[in-house]
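Asks: Sequence:
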Amino acid sequence: MGDIGAFMRGRASRSAPEVPMNLQEVREAMTEFWQEHSQEASLEEMMLDTNAHQLTKHELPEILSYLPSYEGKDVVELGAGIGRFTTTLAQSANHVVAVDFMEKFLNKNRELNGHQENIEFICEDVTKLTLENNSCDLIFSNWLMMYLEDEEVRSLIRKKLEWIREGGYLFARESCFSQSGNIKRSKNPTKYRDPSTYMAIFSMTTIPSDVEGEVFGFELVLSRPVSSYVKMKQNHNQVIWLLQKLRRKASTDNSTSGTIQEFLDNQQYSLNGILRYEKVYGHTFVSTGGIETTRDFVSRLDLQPGQLVLDVGCGIGGGAFYMVKEFGVQVLAIDLSTNMISLARQRAQEVGVNDDEVQFEIADATKRDYKPETFDVIYSRDTILHIQDKLALFKQFYKWLKPGGKLFITDYCCSDGDHSDKFKAYVNQRSYNLLSPAKYGEVITAAGFSTVDARDRTDLFVECLEKELVHLQSIQEEFVQQFSQSDYDYLVNGWKDKLGRTEDQRWGVFYAEKN
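Numbering (this note's numbering), first residue to last: 9 to 523.
Please keep in mind that the hints were generated in silico from the structure rather than gathered at the bench. Source: prediction; values computed, not measured. The beta carbon of each residue, even a glycine, is placed where N, CA and C say it ideally should be. One or more of the hints may lead you astray.
The list that follows gives simulated cross-link-like pairs (lysine-lysine, DSSO-like), each with its CA atoms no further than 30 Å apart [stated by the list, open to error]: (1) Lys136 with Lys195; (2) Lys167 with Lys136; (3) Lys430 with Lys257; (4) Lys504 with Lys432.
Estimated spans, in silico, between C-beta atoms of each pair [as the list claims (entries may be wrong)]: (5) Thr39 with Arg256: 35 to 45 Å; (6) Ser77 with Glu511: 41 to 51 Å; (7) Glu511 with Gln437: 11 to 21 Å; (8) Gly456 with Arg303: 24 to 34 Å; (9) Lys407 with Glu471: 30 to 40 Å; (10) Ser204 with Val359: 16 to 26 Å; (11) Gly456 with Lys239: 33 to 43 Å; (12) Gln489 with Thr453: 45 to 55 Å; (13) Asp364 with Ser77: 26 to 36 Å.
Make the full structure from the sequences, and use the hints.
Replies: This is how it looks when you write it as structure tokens:
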């Protein structure tokens, strides 16, 4: 199973609630499955792969690299298995609760890690597990929910939200769509879900907070395939999530919307909306000017083969693909929109870009963290307008860049002075936080950057909009046939509105360096 789930056995001292027969049958099948695959409590059995020892050399450090700092923190490890992650977690954590439902696996874990006094071992069914609310900083599981029924997953996610302290984290890794291990199974009760199913449950789950009008929920920090499985097994369906427990306003209409990610995926960047934009900007692009502005802007960066670029708000990958093909760099491309990244991965296959050249993450740049001095260039196109605390983000950019590294940004801005009520309503509806180009440059400077070049290039923005509007009108028949007349009208009116807003809405182009 991979470090297995903690479901079946309750503690003898606690009377278990009555379980509906269908779930009882599932439990019996799962117990039988893992009894068959835990005879020796070996790594191969736990990972269900004959190449487990080679896989874990690469996979284990990669998985740990995605975790937030847990030094001095309280950690709960669900599905702890024989302890391959427990060992490292306990070396830095204040306290680790290692839970598993297979006694043979847990005994092996205890044999390996029992000398560490900060570990508590529990043989327990995760669907029955009881922990104190607000008692841990990180809940970690590596293969777990795929062994639960849908209703059990929903219940467990809610319990995790209760157990984790405010600001704490949930990390999960699951096999999606199909199995990954090569060991034959006479029966396989595992649930290989679509990753979007897990993400929907994460985002829908909330609990009341201690403040009226607010709830606690999980907000996405990071989701991506496990690179070691992509490289070693050509398997993109091993997916990880890192989420943070945060407050947000309670919905007034009983909907679950409330995060920026949900706004992007459900409204501004629905799949249909992205494809419409791509039809205007050009294949693989969803940013102003498409390939033309990308060529111009990238030419300023003096990219060299082998450099590493962070593309923040990568959209569907056009800029990343161009930098890889023309300059031989590697790109880590992140976007908060699940729809963007899903389509970007498809486009990568279409244009012949592989995983060694561009890696994609669904990630929140304001919550994600990378090692200091990781990147040669940070590149972002029309994305940071969504972010409230720009100074904090730019300080992160500065930390992540190598000495001599370069920052390049284009972004929606605003003019100095007063703005029209119509423009204010537009900004509020989109949840933008706009600065004037000059103020934007001052914030970049305050983050520590030098050689800051902040320019108002609304003239170029207008030129691009006018060209795109002409192009859109020239392909009207084709566009309407592919989409609809209402889609066409929406974009034409949208482009005209953008042109009409340029007294209030400006477009900034920013370049800076790290000494």
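Asks: All hints, please: hold or fail.
Replies: So, going through the hints one by one against the coordinates:
1. Lys136 with Lys195: 25 Å, holds
2. Lys167 with Lys136: Since the Cα atoms of Lys167 and Lys136 sit roughly 10 Å apart, the hinted pair holds (cutoff 30 Å).
3. Lys430 with Lys257: Holds - the C-alpha atoms of Lys257 and Lys430 are around 25 Å apart, at most 30 Å.
4. Lys504 with Lys432: 18 Å, holds
5. Thr39 with Arg256: 35 to 45 Å: 39 Å, holds
6. Ser77 with Glu511: 41 to 51 Å: Cβ of Ser77 to Cβ of Glu511: about 46 Å, so the range 41 to 51 Å holds.
7. Glu511 with Gln437: 11 to 21 Å: Between Glu511 and Gln437, where Cβ atoms are some 19 Å apart, the hint holds.
8. Gly456 with Arg303: 24 to 34 Å: Check passed, 29 Å falls within 24 to 34 Å.
9. Lys407 with Glu471: 30 to 40 Å: 36 Å, holds
10. Ser204 with Val359: 16 to 26 Å: 24 Å, holds
11. Gly456 with Lys239: 33 to 43 Å: Because 35 Å falls inside the window, the suggested range holds.
12. Gln489 with Thr453: 45 to 55 Å: Holds, since Gln489 and Thr453 (Cβ atoms, about 49 Å apart) stay within the stated range.
13. Asp364 with Ser77: 26 to 36 Å: Holds: the Cβ-Cβ distance is about 29 Å, inside 26 to 36 Å.
Comparing the model with each earlier hint shows no violations; every hint is respected.
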